[in-house]
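Engineer: For the record, the sequence lines run as chains A and B.
Numbering-wise (this note's numbering), the first sequence opens with residue 1 and increments by one.
Numbering-wise (this note's numbering), the second sequence opens with residue 1001 and increments by one.
Calculated from the structure, these hints are not laboratory results.
As the structure is a prediction and not an experimental result, all values here were calculated from the model.
Do not take every clue at face value.
[Claimed, not checked] The calculated lysine-lysine pairs, modelled on PhoX-like cross-linking and capped at a C-alpha distance of 20 Å, are: (1) B:Lys1091 with A:Lys28; (2) A:Lys28 with B:Lys1066; (3) A:Lys170 with A:Lys181; (4) B:Lys1056 with B:Lys1066.
[What the hints assert, rightly or not] Label-pair distances were calculated between CB atoms; the ranges are: (5) A:Lys181 with B:Thr1155: 31 to 41 Å; (6) B:His1211 with A:Leu94: 11 to 21 Å; (7) B:Leu1080 with A:Leu6: 20 to 30 Å; (8) B:Arg1132 with A:Lys181: 19 to 29 Å; (9) A:Val57 with B:Glu1165: 53 to 63 Å; (10) B:Ser1127 with A:Leu218: 24 to 34 Å; (11) B:Gly1206 with A:Tyr52: 31 to 41 Å; (12) B:Arg1094 with A:Phe65: 18 to 28 Å; (13) A:Leu137 with B:Glu1165: 42 to 52 Å.
Ideal placement from N, C-alpha and C gives every residue a C-beta, glycine not left out.
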Amino acid sequence: MEHFALWLAAFLTLGIVSFLYKDNPWYKLCEAIFVGLSAGYWFVVLFWDNIYGKFWVGVFPLEEFDEAGREITAEPDYWLFVGAALGILMLMRLVPNIGWISRWPLAFIVGSTAGLYLINYFSSNMMRQVQGTIVPLFGAGYDASAYAIVGNIVVAVGTFAGLVYFFFSKEHRGVFGGTAKVGVFFLMLTFGASFGYTVMSRMSLLIGRMDFLLGDWLGMIK
Amino acid sequence: MRREIPLLITGIVGIVFVLQYFIPHFPFNRMNAWFSDWFSIVAAFAIWLGALNLMKISFQKVFRRKSDWGYAVVIIMSFLLMAVVGFAEGKGFRDQGTAFDWLFQFVYTPLSATMFAILAFFVASASYRAFRARNFEATLLLLAAFLVMLGRVPTGDVLTGFMPEGMRLSAVASWIMNFPQTAGQRAIMIGIALGLVSTSLRIILGIERSHLGGGD
Chain A
1 MEHFALWLAA
11 FLTLGIVSFL
21 YKDNPWYKLC
31 EAIFVGLSAG
41 YWFVVLFWDN
51 IYGKFWVGVF
61 PLEEFDEAGR
71 EITAEPDYWL
81 FVGAALGILM
91 LMRLVPNIGW
101 ISRWPLAFIV
111 GSTAGLYLIN
121 YFSSNMMRQV
131 QGTIVPLFGA
141 GYDASAYAIV
151 GNIVVAVGTF
161 AGLVYFFFSK
171 EHRGVFGGTA
181 KVGVFFLMLT
191 FGASFGYTVM
201 SRMSLLIGRM
211 DFLLGDWLGM
221 IK
Chain B
1001 MRREIPLLIT
1011 GIVGIVFVLQ
1021 YFIPHFPFNR
1031 MNAWFSDWFS
1041 IVAAFAIWLG
1051 ALNLMKISFQ
1061 KVFRRKSDWG
1071 YAVVIIMSFL
1081 LMAVVGFAEG
1091 KGFRDQGTAF
1101 DWLFQFVYTP
1111 LSATMFAILA
1121 FFVASASYRA
1131 FRARNFEATL
1141 LLLAAFLVML
1151 GRVPTGDVLT
1161 GFMPEGMRLS
1171 AVASWIMNFP
1181 QTAGQRAIMI
1191 GIALGLVSTS
1201 LRIILGIERS
1211 HLGGGD
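Given the sequences, and given the hints that come with them, work out the whole structure.
Structural biologist: Next comes the structure, spelled out in structure tokens:
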């Protein structure tokens, strides 16, 4: 069975890699398998984790007992039926005549996300970032390395200049324009570094697949 | 009716999520717990909707004998295989040694990992065509990418092995990632946060309605 699994995995890996030559039936077959399996994977995972785990177990709690044998089963939460009803309304999207009713659960999702993001993003992406940028250059006993001091100044200047660049309510001229220009330099460095980092992560995935083909499958790498 | 109720739902749910942060007491804490549970359930149904829609489109393609309908059959079969196996295995479907785990390990993982791995070639070819040191900004971008890529592999340190440790390519790449890159990322993150806050407010107050689509 393990032998078959290795050959199957190699067949699928090579099928996807074959796209580098050109679009071909082997690649299309592997792609179709990937699409179907991905949909099936999330279909099952979300059923057991959310629909069964949250709704079903919440409405019909599993019997539980403590060490002394006393029942400690949780109280059923019938409010979860509202969530299930909204979920079923979401599926009405598949029925053309009453598809509009799926706007209700969609509105719920959009409202929840907006409410959560309003607070969470403001806290994590705004307040915490400002807090992390404006830091003392020296510790309590003036114990700081030149590396850290210069680095902190670079971060503070770069963040400020980058924000100035994103401020479009004032024309980018004079000192303001100069600061915005410095901001562009920092943004370019960021994009370049992020690009390099992304390429390297993809490369490491590619090395992993080559390692599988040449090592696990063909046994050429011990 | 078709627009007013969704707007009301969006407003109430959004306001409750904001209020529960500032007033974590009854009734807002209770409502927050309900809404969070409902959110998980509705999100699961939303993914189900996507999967079922994929099946609907695939079946239509097969019945109408559209071009490449054979691949639609493969999509349907793969979906059914994963779904039937996952449901048949019960709650422990992810345990090691189950058929679901076997499919995940030997079919799903090779496919997804290779799919992302071949992106390396496309990114490299796109950058070869797009990256030109036309001006100072473009040169900065090119240089940062080059230094980070070379600094992340042993070759970088081999090439600069004669230099002091703090000036070798791996150290330079780390410095770029830790300081100038952090500065740029922070500026972008703060900008995104401000945009998200204003968009969220517009949605909650019913000014932004594009998510409801057209019609009545």
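Engineer: Now tell me, hint by hint, if it's right for this structure.
Structural biologist: Hints, verified against the model:
no. : hint                                : result
1   : B:Lys1091 with A:Lys28              : violated, 33 Å
2   : A:Lys28 with B:Lys1066              : holds, 15 Å
3   : A:Lys170 with A:Lys181              : holds, 14 Å
4   : B:Lys1056 with B:Lys1066            : holds, 14 Å
5   : A:Lys181 with B:Thr1155: 31 to 41 Å : holds, 34 Å
6   : B:His1211 with A:Leu94: 11 to 21 Å  : holds, 19 Å
7   : B:Leu1080 with A:Leu6: 20 to 30 Å   : holds, 25 Å
8   : B:Arg1132 with A:Lys181: 19 to 29 Å : holds, 20 Å
9   : A:Val57 with B:Glu1165: 53 to 63 Å  : holds, 56 Å
10  : B:Ser1127 with A:Leu218: 24 to 34 Å : holds, 31 Å
11  : B:Gly1206 with A:Tyr52: 31 to 41 Å  : holds, 35 Å
12  : B:Arg1094 with A:Phe65: 18 to 28 Å  : holds, 26 Å
13  : A:Leu137 with B:Glu1165: 42 to 52 Å : violated, 24 Å
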